[in-house]
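Quick note, the sequences are listed as chains B and U, same order. Just add 2 to wherever you are in the first sequence, counting from 1, and you've got the numbering used here. Just add 41 to wherever you are in the second sequence, counting from 1, and you've got the numbering used here.
Treat the hints as calculated values from the structure; they're not laboratory data. Backbone N, C-alpha and C fix where the C-beta goes; we use that ideal spot for every residue, glycine too. Honestly, I wouldn't trust all of these hints.
Using C-beta positions, here's what the derived DEER-type ranges look like [as the list claims (entries may be wrong)]:
1) B:Glu55 to U:Gly57: 48 to 58 Å
2) U:Thr56 to B:Lys113: 37 to 47 Å
3) B:Gly42 to U:Leu155: 19 to 29 Å
4) B:Thr22 to U:Asp79: 24 to 34 Å
5) U:Pro80 to B:Ala83: 39 to 49 Å
Which chain U residues stay away from chain B? Per the calculated CB distances, all over 10 Å, these [unchecked claim]:
6) Thr48
7) Val53
8) Leu54
9) Met60
10) Ala65
11) Ala93
12) Pro102
13) Pro116
14) Leu120
15) Ser121
16) Pro124
17) Gln126
18) Gln142
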Amino acid sequence: SQQGEEDPQALSIQEGENATMNCSYKTSINNLQWYRQNSGRGLVHLILIRSNEREKHSGRLRVTLDTSKKSSSLLITASRAADTASYFCATGRGGSQGNLIFGKGTKLSVKP
Amino acid sequence: NAGVTQTPKFQVLKTGQSMTLQCAQDMNHEYMSWYRQDPGMGLRLIHYSVGAGITDQGEVPNGYNVSRSTTEDFPLRLLSAAPSQTSVYFCASRPQTGGNQPQHFGDGTRLSIL
Chain B
3 SQQGEEDPQA
13 LSIQEGENAT
23 MNCSYKTSIN
33 NLQWYRQNSG
43 RGLVHLILIR
53 SNEREKHSGR
63 LRVTLDTSKK
73 SSSLLITASR
83 AADTASYFCA
93 TGRGGSQGNL
103 IFGKGTKLSV
113 KP
Chain U
42 NAGVTQTPKF
52 QVLKTGQSMT
62 LQCAQDMNHE
72 YMSWYRQDPG
82 MGLRLIHYSV
92 GAGITDQGEV
102 PNGYNVSRST
112 TEDFPLRLLS
122 AAPSQTSVYF
132 CASRPQTGGN
142 QPQHFGDGTR
152 LSIL
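Same shape as in the complex, but just chain B (with noise of 0.2 Å):
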């Protein structure tokens, strides 16, 4: 079943806009990972929140985290072209399993 639902399931901005997609997911978590998936490749980890944080940088990513609305952000600011790809959120609840959940993804194309 899927944990996390990503809104919207598509979007398409101009090369230096900023990119926000939302995660939303059902149940309690112990962290909150952000997948980028280009084209025909496998999916790289971008970054990863835990629950008892609220939000995160990496570079040009900004990752917040609501866990009372169950809901999280990716930022990617000053977007470029090499950002088009599908971004997935994953949810984990820890433990020695710590098996992920992944939601339905979110296809960015960012136009030069």
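Given the coordinates of chain B, work out where chain U should sit on it, guided by the hints.
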């Protein structure tokens, strides 16, 4: 460091055939997993392993078998291929030091069942 390597990259099978998708990692990760990715469905967990000799079912295990005889390898077997198993299959690994670790993915195997 190759990371996670999946073979083959593409495969076409006939209904009823069996095959094994290979996955190998060279990072000494204890946790390994298999996902399938279908259009509009995101990734769904098929099977996973927390160490050599230990495997368990994920969300969609039916029609698939796994084994983990070494830390490095985690093959996925399709017993009798069905058209519903047409998908892109991804293998991933991470250290077993708890669930707060990112997963490393291979580039996938694109499988078509006719």
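For each hint, the structure was consulted:
Take Glu55 (chain B) and Gly57 (chain U): their Cβ atoms lie about 50 Å apart, and the range 48 to 58 Å holds. In this structure, Thr56 (chain U) and Lys113 (chain B) meet the distance hint of 37 to 47 Å, their C-beta atoms being roughly 42 Å apart. At roughly 21 Å, the beta carbons of Gly42 (chain B) and Leu155 (chain U) sit within the given window of 19 to 29 Å. The hinted range of 24 to 34 Å is satisfied by Thr22 (chain B) and Asp79 (chain U), whose Cβ atoms lie roughly 26 Å apart.
Taking 39 to 49 Å as the suggested C-beta distance range, the pair Pro80 (chain U) and Ala83 (chain B) does not conform, at roughly 24 Å. Residue-level check passed: Thr48 (chain U) sits 13 Å from the nearest beta carbon of chain B, beyond 10 Å. The beta carbon of Val53 (chain U) is kept farther than 10 Å from every beta carbon of chain B, the shortest such distance being approximately 17 Å. The Cβ of Leu54 (chain U) sits about 20 Å from the closest Cβ of chain B, beyond the 10 Å cut-off, so the non-interface label holds.
The non-interface label for Met60 (chain U) is consistent with chain B: the shortest C-beta to C-beta separation is roughly 20 Å, beyond 10 Å. No Cβ of chain B approaches the Cβ of Ala65 (chain U) within 10 Å, the least distance being about 14 Å, so the stated non-interface status holds. Here Ala93 (chain U) stays apart from chain B, with its beta-carbon at least about 15 Å from theirs, past the 10 Å limit. Distance to chain B confirms Pro102 (chain U) as a non-interface residue, since its nearest Cβ pair spans about 13 Å, more than 10 Å.
Separation of Pro116 (chain U) from chain B is adequate, the least Cβ-Cβ distance of about 17 Å exceeding the 10 Å criterion. The claim that Leu120 (chain U) lies off the interface holds: its Cβ sits roughly 23 Å from the closest Cβ of chain B, which is beyond the 10 Å cut-off. With a minimum CB-CB distance of about 26 Å to chain B, Ser121 (chain U) clears the 10 Å threshold, and the non-interface call stands. For Pro124 (chain U), the requirement that its beta carbon stay farther than 10 Å from each beta carbon of chain B is met, with the minimum near 22 Å.
Every CB of chain B is more than 10 Å from the CB of Gln126 (chain U) (nearest about 19 Å), matching its label as outside the interface. Residue placement check: Gln142 (chain U) does not keep its beta carbon more than 10 Å from all beta carbons of chain B (closest about 7 Å).
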